[in-house]
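Colleague: Take a look at the letters that make up each chain.
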Amino acid sequence: MNDFPAIPLLEHRPYDRIRELYLLQEPTLLAAIRRGDRGEARRIINHVLVHIYSAGEERSDLLKGLLLELVVMISRAAVEAGALQSDVLGMNFRSLTELAVISDDEDLAAWLRKTLEHVISTIEKQKDFTPPLLVGKALGFMRQNLHRDISRDEVARHAGISPSHFSRLLKERTGRSFTELLRQCRLDMACDFLLRTEKSLAEIAADCGFCDQAYFTRVFRDVKNVTPRQFREANKAEHGNTKQTHRITRPRDGKMAACFHDE
Amino acid sequence: MMNELHPLTKAIIAGQRKEIASLIQQCLAAGEKAGDIVEKRLVPGMMEVGERFKRNEIFVPDMLIAGRAMKEALKILEPLLVEAGVKPEYRAVIGTVEGDLHDIGKNLVAMMWKGANIEVIDLGVNVPPAKVVAAIQQHNPQLVGLSTLLTTTMPAMRDTVKAIRDAGLAVKVVVGGAPTTMEFAKEIGADGYSPDAGSAVDAAMALLQGGK
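Protein chains in written order, with this note's numbering: chain V, 1 to 263; chain E, 1 to 212.
Because the hints were derived from the structure by calculation, they are not lab data. Warning: the hint list may mix true and false statements.
Sample of chain V residues lacking proximity to chain E, with all beta carbon distances greater than 12 Å (derived) [stated by the list, open to error]: (1) ARG17; (2) PHE93; (3) GLU172.
In silico contact screen, one side only, chain E against chain V (beta carbon under 8 Å); selected entries [claimed, not checked]: (4) GLY15; (5) ARG68; (6) ILE104.
Fair warning: this is a prediction, and the values are worked out from it, not measured in the lab. For each residue, glycine too, the CB sits at the ideal point set by N, CA and C.
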């Protein structure tokens, strides 16, 4: 916070330096906004504003240009952080038109206040937004590790988010709790194995992370209303018609791979 | 805020420079003395602005326009204050250290100090240590404010404090600006430290009132 190593290098290029300074602060700024700490966000922005106002004080066109650039940079960060482009960009167009006709310090201060608070709000609104990537990553990890006992905490840790945030996120994105989702994943894989492999029920139970065949059968019946064996019999016929059967094997690295074998 | 603020105080806080002249005329017409207007109408306004800035509730330009409104008010009242023989209790010399051309932080502090009824002699930007020493000898202030925004000019701040000490001047030195820290301030022998313009009044008052 107190050290900006880029500054001396850019000393003779004052506007690059302001940009650089902002970009150095951007992660901290976004983190502050995300945790709802608007005060800290303003403090960071103010730090950049001191530089902007020092550079542009005597020239209102320059000052307006630098302020606009700051707003655009924060808006870009807002979109990257998941804010709706329509929200952010719509606001920017409006702001641009307004800024063009401002000729007074008081109006400029008011414009900046309004615009910055709006951009902060668009990011705040997305506070719970986490890129689908994160949930995808978590689900991928779960699927690769279905054969063993995995906990919510472990998956959350793997995705790099807190367990409670992870739970909330899953609920929002999938409508299910971690336990429900994990069971669903186990059963989906079991169904795959039942139809596409010749593995025994005991093997499938173990591969899909059920402690034993009896428990596997019980859970399966509870959800699907048929036993695994019945499921295999009833559905195998259709699959049997195809010229190929593809078997799913799990290589040593734990990744699922669909392998096609000619009969 | 417990009480409804006076319109002049409100105008200072909102930075409504154009409203200032007529509001001051209203106060004067109501029989208020110039010194009282400064103390009871203007100073509380700037204090509030400083507080809001310190609490990170407002942006830099909000503070700048408040400072300009304050300046406008003092411009109108100054002749009356001189006439009435009212003088600020304290005097300060302020400037950015040699090599630093950023004056916004320094200007904000100058505004806040003026707002706290301290007479401020502004030496501007890029002030060499010798010039600071000369200004102290000339104006005889109780307080010196040194500002820097760049890490590269921090050594100049150290040199300036040293020059003041070497000259044997009995003056309190407050340093501040983005790269400075409390540790740095202590290390270079400053008396006070203010991380931002909002805290500058607190730092000054602690030294002026506590350090006698």
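Colleague: Would you mind marking each hint as holding or not holding in the structure?
Modeller: We went through each hint and held it up to the structure:
no. : hint   : verdict
1   : ARG17  : violated, 10 Å
2   : PHE93  : holds, 22 Å
3   : GLU172 : holds, 31 Å
4   : GLY15  : holds, 6 Å
5   : ARG68  : holds, 7 Å
6   : ILE104 : holds, 5 Å
In summary, the structure is inconsistent with hint 1 from the numbered list given earlier, while agreeing with all the others.
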